[in-house]
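2 protein chains.
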Amino acid sequence: MRVYFPQSIIMIAAIHNMLLSNNLNIEFLTTQLAITQNFFDMKTTVLFSLLLMGLFGLGAAYPQQNASKDKQMLRKMYDFHLGNDQSYENLRYLSTQIGGRLSGSPQAAAAVEWARQTLEQLNLDTVYLQPVMVPYWVRGTAEEARIVSGFYGTQAVNVCALGGSIATPAWGLSAQVIEIKHLADLDKLDKKAVQGKIVFLNQPMDDLEHDTFDAYSHCSGNRYKGAPAAARLGAVAFVIRSLTTAIDEFPHTGGMAYEEGTTRIPAVAIATRDAELLSGILSQDPALRLYLRTSCQNLPDALSYNVIGELRGSQKPEEIVMVGGHLDAWDNGQGAHDDGAGVVQSIDVMRCFKALNLRPKHTLRCVLFMNEENGARGAREYARLARERNEKHQLALESDRGAFVPRGFSLDHTDSLLLPKRVARLNSWSPLFEPYQVHLFKSGFSGVDVNFLKDNGDMLSGYIPDSQRYFDYHHTANDTFDKINRRELSLGSATMAALAYLVDEHGW
Amino acid sequence: MRVYFPQSIIMIAAIHNMLLSNNLNIEFLTTQLAITQNFFDMKTTVLFSLLLMGLFGLGAAYPQQNASKDKQMLRKMYDFHLGNDQSYENLRYLSTQIGGRLSGSPQAAAAVEWARQTLEQLNLDTVYLQPVMVPYWVRGTAEEARIVSGFYGTQAVNVCALGGSIATPAWGLSAQVIEIKHLADLDKLDKKAVQGKIVFLNQPMDDLEHDTFDAYSHCSGNRYKGAPAAARLGAVAFVIRSLTTAIDEFPHTGGMAYEEGTTRIPAVAIATRDAELLSGILSQDPALRLYLRTSCQNLPDALSYNVIGELRGSQKPEEIVMVGGHLDAWDNGQGAHDDGAGVVQSIDVMRCFKALNLRPKHTLRCVLFMNEENGARGAREYARLARERNEKHQLALESDRGAFVPRGFSLDHTDSLLLPKRVARLNSWSPLFEPYQVHLFKSGFSGVDVNFLKDNGDMLSGYIPDSQRYFDYHHTANDTFDKINRRELSLGSATMAALAYLVDEHGW
Chain A
1261 MRVYFPQSII MIAAIHNMLL SNNLNIEFLT TQLAITQNFF DMKTTVLFSL LLMGLFGLGA
1321 AYPQQNASKD KQMLRKMYDF HLGNDQSYEN LRYLSTQIGG RLSGSPQAAA AVEWARQTLE
1381 QLNLDTVYLQ PVMVPYWVRG TAEEARIVSG FYGTQAVNVC ALGGSIATPA WGLSAQVIEI
1441 KHLADLDKLD KKAVQGKIVF LNQPMDDLEH DTFDAYSHCS GNRYKGAPAA ARLGAVAFVI
1501 RSLTTAIDEF PHTGGMAYEE GTTRIPAVAI ATRDAELLSG ILSQDPALRL YLRTSCQNLP
1561 DALSYNVIGE LRGSQKPEEI VMVGGHLDAW DNGQGAHDDG AGVVQSIDVM RCFKALNLRP
1621 KHTLRCVLFM NEENGARGAR EYARLARERN EKHQLALESD RGAFVPRGFS LDHTDSLLLP
1681 KRVARLNSWS PLFEPYQVHL FKSGFSGVDV NFLKDNGDML SGYIPDSQRY FDYHHTANDT
1741 FDKINRRELS LGSATMAALA YLVDEHGW
Chain B
1261 MRVYFPQSII MIAAIHNMLL SNNLNIEFLT TQLAITQNFF DMKTTVLFSL LLMGLFGLGA
1321 AYPQQNASKD KQMLRKMYDF HLGNDQSYEN LRYLSTQIGG RLSGSPQAAA AVEWARQTLE
1381 QLNLDTVYLQ PVMVPYWVRG TAEEARIVSG FYGTQAVNVC ALGGSIATPA WGLSAQVIEI
1441 KHLADLDKLD KKAVQGKIVF LNQPMDDLEH DTFDAYSHCS GNRYKGAPAA ARLGAVAFVI
1501 RSLTTAIDEF PHTGGMAYEE GTTRIPAVAI ATRDAELLSG ILSQDPALRL YLRTSCQNLP
1561 DALSYNVIGE LRGSQKPEEI VMVGGHLDAW DNGQGAHDDG AGVVQSIDVM RCFKALNLRP
1621 KHTLRCVLFM NEENGARGAR EYARLARERN EKHQLALESD RGAFVPRGFS LDHTDSLLLP
1681 KRVARLNSWS PLFEPYQVHL FKSGFSGVDV NFLKDNGDML SGYIPDSQRY FDYHHTANDT
1741 FDKINRRELS LGSATMAALA YLVDEHGW
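Going down the list, the protein sequences come from chains A and B. Numbered per my numbering, the first sequence spans residues 1261 to 1768. Numbered per my numbering, the second sequence spans residues 1261 to 1768.
Hints should not be assumed to be uniformly reliable.
Because identical chains share one entry, a pair is satisfied inside a single copy or across any pair of copies.
In silico lysine-lysine, DSSO-like type, Cα no more than 27 Å apart, as pairs [stated by the list, open to error]:
hint, residue 1, residue 2
1, Lys1702, Lys1329
2, Lys1441, Lys1336
3, Lys1336, Lys1576
4, Lys1702, Lys1331
5, Lys1336, Lys1702
I should point out that these hints are in silico values taken from the structure, not numbers from a laboratory.
Put together the whole structure using the sequences plus the hints.
And the structure:
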């Protein structure tokens, strides 16, 4: 049976919101009740009044110790993180002194060693590395593209190879272009129309989606499977419009995959500005050619590591409260938002527990995953070992959505009956987060790395910062430290520490 | 009588939050009730269950036409603003082609003409200018400061004059420095300690305040009244640490005022980075001197204008729903966030009503105020004329907190009994804003310009975007167009349009 939300609940929620910020007096509430008559029918109002009185009668009897203690603890945590700049300085180092750090690269090894040293300095109970073999893809030095038109002349286009792609011939390749708006449009084309051409997928991310991750998720699959789909029809290369709602000059890289039995063709992304240019010129000169040159290659798998630090639980050490992000980052930028932020925030949660002298009941574990970007081998290995060791995660909280201002959390669990209960529980803590303008508590996909723990029956959570700016930087040369706001980064650490504390302290 | 919020209300709110995003089924709610037993005592749960059943029984009977129509209208408004970049391009022009535009300057005149033309292009019912005489202060070309120490040598310091300040002598001034942490510390000093010295107020903005405007409001008064307070003790100049939580190289200007009967001394701000440097060197060499040179001056008042555009109300044309921002901006930057954003958002609200073919019931008025930064003469004149014409504002909504992601609204009214009712009413609309992550509905100061309407008994509102980044840019050379995110700016326009629509459609 489907139900509609009654206006009286909205009203209760409205008053609830006010109660969170201050204790209000009864006269004030009575006034509020009076005005519901402007908007709601009288019958609702009367019943609502009765309900509210009932609630307040009870409310006075409810013991407030927990809420009050938790409120104070969260204040301490937010004060700790806002009041110092260690995570900001950590991120400065990781971004500007190490920089892009794709799996297998010397920079990834440097990031592992930096993370180990940084965790060691916190005097945790244990810090260790978890070995894992990772793919090793390198971009090489040459990366260029040009529109070549008999009418419009030659125009350079900002381009980057997609991670995992093979290179073009050393002298590049040149072919006519067939533009499609959706990958599914390929199904309507026959081989003759595509054979020997470059397939250009010019699908903009939907600007009307409020959450840019929703818009991204509608397109990101195309980046993975576009090249083999085009190759099956005989295309010689696959070009995707960069995945961002911004119109700018930055090409956005990202993972792609080939399929067994399908010819491997080069796959690249071009800047949105250039996608519009190419599309426009193509409409006037369908015979134009696109010249592409890339020099990327897939090297043999390399040894790398997840980096892990722990504070051992005082009551249930075998149960884990985990915070984490991923150490690897695309080579074309500094990986400041993606995911240097998640790394330093996760480290910062450990630092906060130490600084506030909090001994967790469960084992508090910081996991810095390797290889989220192009294989998630670190996350797979971590989940495999957790299964093998029978480790239960009370919480596996991932931060991999940038260092923007906190909005809330997602929760995810394989048990679809349990999940709404956990979301309700999370919502019951919302008053504690109200002073910090953290309002979003919902179910949903919680992150690439923690997702491998889903089959273990663990409780997954994704830290959700604001999404509006993320795809301005994601997977580009523009993802640099100067795009980080210190306060937003620190508020993220505090928000994660708060959830880790609440789950550790009260369980679900 | 003070009351505490009962946990059962939190639980209702939790479920309410979920109901907003989806319609949920009864089985799901029953499961949620079951788990309250983990956290709340049994008695609460049982009563809560009864209450909830009562609510749902009623809820089904409540007519949903209004909520559903409003929901669709807001979706249209957000789609309109997210789906085009006119306000972003308007702001690009205002910021980069006109730039800083302090009252009385040729740039301010250009901004008036640009605003008039831009409103004219919207085919509103009327566009007009409201003349007002404004202060005219110019910075001049010379602006420098140096720490001169016998031990540490000479070090340049980034400095800017405060708006309204007189200049130093043309050759500058040099004096010893007395550092204070709070302006009130001056009361503890006697004249001898201060006489002939430069007073240096080194009070950091409080990093631990979540809302940076709260932190700012604790300090901004010092900038206004610091110079006369120091002059009364015989100081020769007043230096303030810039009002920002960031530690960086940008000096932040802002208004200051002299007092009748007190010697006028130069007043400047130095960058936070340099405030820390000066304080440090001062602790080692109390005899150091600070060299200051500024060349600013106060010119005779100049004629300028508020720029106003209107859509005449179809039912109550004499009652006004107003949106506005201020046209003037400090001369050292581009005034992109402060307050180019508010200007283009207010224009955009008008454009939205036109584009969606909405004829407001009340007169919808866009007011672009002149001289918010150093006198608020435009706002005073606007309020005076409104009083004279007996105009009643159903809503006077100001956007002057930057182009960051929307968080909500404040409301303000001179009638402290009425205000909470209006806040409750605003909260009753919160479900409509839920899809856009707008959660903050509270009472509070709503803006410098609309505040002059408070005595008229009008309903004031402040649009509240996120505050974390604002003081990184405020009143500096760093307040430039490249700091604007198109989506965040557009979401602000949509959020303002939504409130204007709701108040116009339903009244209070």
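Against the structure, the hints come out as follows:
1. Lys1702 <-> Lys1329: Result: close both inside a copy and across copies, 25 Å intra and 25 Å inter.
2. Lys1441 <-> Lys1336: between (51 Å within a copy, 24 Å between copies)
3. Lys1336 <-> Lys1576: within (24 Å within a copy, 51 Å between copies)
4. Lys1702 <-> Lys1331: both (21 Å within a copy, 21 Å between copies)
5. Lys1336 <-> Lys1702: both (25 Å within a copy, 25 Å between copies)
When held up to the earlier numbered hints, the structure conflicts with none and fits them all.
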